[in-house]
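In order, the protein sequence lines correspond to chains A and B. Throughout the first sequence, residue numbering follows the UniProt record's numbering, covering 1 to 251 in sequence. Throughout the second sequence, residue numbering follows the UniProt record's numbering, covering 1 to 299 in sequence.
Hints listed in this document are in silico derivations from the structure and should not be mistaken for laboratory results. Do not rely on the hints blindly, as some may be mistaken.
[Unchecked claim] Residues of chain A placed beyond 12 Å of chain B at every Cβ, according to the derived structure:
hint: 1; residue: Arg111
hint: 2; residue: Pro150
hint: 3; residue: Ala172
[Said to hold, decoys possible] Subject to a maximum C-alpha distance of 25 Å in a straight line, what follows is the list of computed DMTMM-like cross-link-like pairs (lysine to aspartate or glutamate):
hint: 4; chain 1: A; residue 1: Lys50; chain 2: B; residue 2: Asp273
hint: 5; chain 1: B; residue 1: Lys23; chain 2: B; residue 2: Asp44
hint: 6; chain 1: A; residue 1: Lys58; chain 2: B; residue 2: Asp273
hint: 7; chain 1: A; residue 1: Lys75; chain 2: A; residue 2: Glu51
hint: 8; chain 1: A; residue 1: Lys58; chain 2: B; residue 2: Asp147
hint: 9; chain 1: B; residue 1: Lys102; chain 2: A; residue 2: Glu189
hint: 10; chain 1: B; residue 1: Lys33; chain 2: B; residue 2: Asp234
hint: 11; chain 1: A; residue 1: Lys50; chain 2: A; residue 2: Asp191
hint: 12; chain 1: B; residue 1: Lys23; chain 2: B; residue 2: Asp147
hint: 13; chain 1: A; residue 1: Lys75; chain 2: B; residue 2: Asp93
hint: 14; chain 1: B; residue 1: Lys33; chain 2: A; residue 2: Asp218
hint: 15; chain 1: A; residue 1: Lys118; chain 2: A; residue 2: Asp171
hint: 16; chain 1: A; residue 1: Lys26; chain 2: B; residue 2: Asp44
hint: 17; chain 1: A; residue 1: Lys118; chain 2: B; residue 2: Asp147
hint: 18; chain 1: A; residue 1: Lys32; chain 2: B; residue 2: Asp136
hint: 19; chain 1: A; residue 1: Lys118; chain 2: B; residue 2: Asp60
hint: 20; chain 1: A; residue 1: Lys32; chain 2: B; residue 2: Asp231
[Unchecked claim] Far from chain B, by Cβ distances over 10 Å, these chain A residues were calculated:
hint: 21; residue: Asn15
hint: 22; residue: Gln79
hint: 23; residue: Gly234
Think of the CB as a built atom: it goes at the ideal place given N, C-alpha and C, for glycine as much as any other residue.
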Amino acid sequence: MISQDAFTQALLDPNAATPAGLIDPKGETAPKRFAVYRNNVAVSLTNALKEGFPVVHKLVGDDFFTAMASIFIRKHPPQNPLMMHYGAELPNFLTNFAPAAKLGYLPDVARLELAMRKSYHAADARPVAADLLSSIEPDALMSMYLTLAPAVQILRSRWPIYSIWAANMLDAEPPNGAGGQAVLITRAEFDPVPHLLGVGAATFIGALAEHNFGTAHDTALTAAPNFDLTAALGALLAGNAITSITESPLT
Amino acid sequence: MYILKIAESLFMFDHSNTPDFAKLPHGVGVGYKPQHFSEIMASDGAVDWLEVHAENYMGDGGRPLAQLEALGAKYPLSIHGVGLSIGSEGPLDPAHLKRLQKLCDRVNPASFSEHLAWSTHDMGFLNDLLPLPYTDQTLTTVAAHIDQVQNTLGRQMLLENPSNYLAFKETQMPEVEFFAQLVERTGCGLLLDVNNVFISATNQQTDPLSYLNAFPLAHVGEIHMGGHDHDLDDHGAPLLIDSHGREVAEPVWVLLDHVLRTAGSRPVLIEWDTDVPEWPVLATEAARAKTALQTAVPA
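All chains, please: the whole structure from these sequences, using the hints.
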């Protein structure tokens with residue numbers, strides 16, 4: 001009897017023999033027939049990664065990506081049938097993947113692509129009315145808490161990940177220099193959009209998760225004295241990213 | 001406990017009567033692809049119902065669920081799972097069953113179906129429909145899994161026949177017998193994939209008509225039609241691959257006519273999952289299926 005354990009091991013190891021007892025119409029062992037399943041697994045998982053990481057795919061090229069994926073899928077097969085989340089381990093895998101050692105920015109580019117997918121599938125949320133923020137007295141606002149939509153994501157990298165992403169997805173100019181960048185992802189309706197953030201804005205929006213408005217503002221000004229609060233709030237409002245403004249933090 | 005379980009399954013799935021298939025219309029559906037959303041919402045009468053893969057709608061929100069809601073307001077929906085692994089030796093994943101329950105509660109689909117296959121192992125999810133031998137032991141395991149699904153979802157499910165590339169030496173009964181036993185034991189319905197019947201018969205050098213004539217057609221609640229690719233096995237014999245990447249092959253249309261003439265009208269689905277074409281190409285396949293339905297079973 002062939003256990004599903006033995007079947008799986010032979011499936012994932014391209015050098016393993018076809019398990020005996022899997023037969024063709026002549027009753028003989030059937031390597032090419034077994035290879036159909038082996039191929040389906042490898043190709044479908046590899047294609048899922050190519051779809052999920054289009055920029056990484058473009059940066060390294062199809063041959064490199066396919067070879068890398070063939071190792072990754074055996075080390076990190078999906079842990080459940082939700083292929084929309086497949087590849088969460090790819091950034092860390094790339095960090096330790098010797099053939100990609102020279103592409104130091106690759107793991108963070110993969111993180112940005114994962115964050116875009118996460119945003120795409122995040123829960124819907126109703127944004128606050130556009131004029132709510134401006135209707136609150138500035139002094140009162142300082143002690144209040146902003147809640148951001150589940151689709152909002154923030155990433156900071158020591159690489160120019162926004163410029164790399166935009167050069168590959170929007171045909172924008174390639175990055176000018178190697179400086180780090182922070183990215184805000186908002187989803188006004190259904191399509192996540194990445195925005196390049198200054199240090200101050202990234203600090204401010206990151207701090208809103210834990211602190212009230214005034215403290216987040218102070219932290220941002222400390223990190224970047226030229227922090228532009230109006231621009232940061234404008235990006236959040238335009239992305240329907242603020243879902244509540246309350247006197248105490250929402251748990 | 002035992003008595004309670006029996007009573008419960010009798011209450012919900014009384015298979016002494018004709019199963020209730022009235023919910024999916026006996027017309028033509030297509031496997032829904034997001035790139036066709038606008039055309040499908042704007043079209044009138046090109047399709048009568050839609051099928052979606054359950055696992056693509058298990059996110060928390062965003063466009064997929066919003067589209068599903070819009071489609072569900074216009075069309076009867078069939079939720080078709082590809083990841084439950086009903087043929088697993090081990091227990092079903094309770095977390096995945098819960099996700100299915102949540103989706104079915106949300107959408108209230110006209111039908112829920114899954115495959116006679118396994119895809120999950122201790123290693124993880126393999127993203128393919130893998131085969132199992134037909135033995136007394138696997139029959140017992142699969143029947144218990146179907147009971148569990150039907151009791152959890154509170155509805156009858158349809159089970160789909162696989163496309164076979166090889167056979168198990170240890171198999172003790174024909175595939176049709178396995179399906180008939182499952183229907184008998186669980187009260188489940190069947191999803192007859194006519195393309196899979198043709199693929200399996202070609203690959204195993206058997207007769208697809210004999211398979212269909214032995215299949216419990218009265219319990220078929222839905223029919224699948226899809227395209228396949230051609231390859232050769234180690235001996236140069238034909239090896240057909242279930243790719244869903246092109247038009248339905250001519251011999252498969254002939255088999256569909258035979259099924260419809262024998263069994264009467266059924267919901268018929270066109271599946272096209274890889275190299276997905278523009279909407280008019282898919283609509284043309286759907287129109288051909290509609291003609292087949294009208295010709296074989298005049299109104």
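Legend entry - Non-conforming hints, listed in increasing numerical order: Hints 2, 8, 10, 14, 16, 17, 18 and 22 are the ones this structure does not satisfy, whereas the remaining hints hold.
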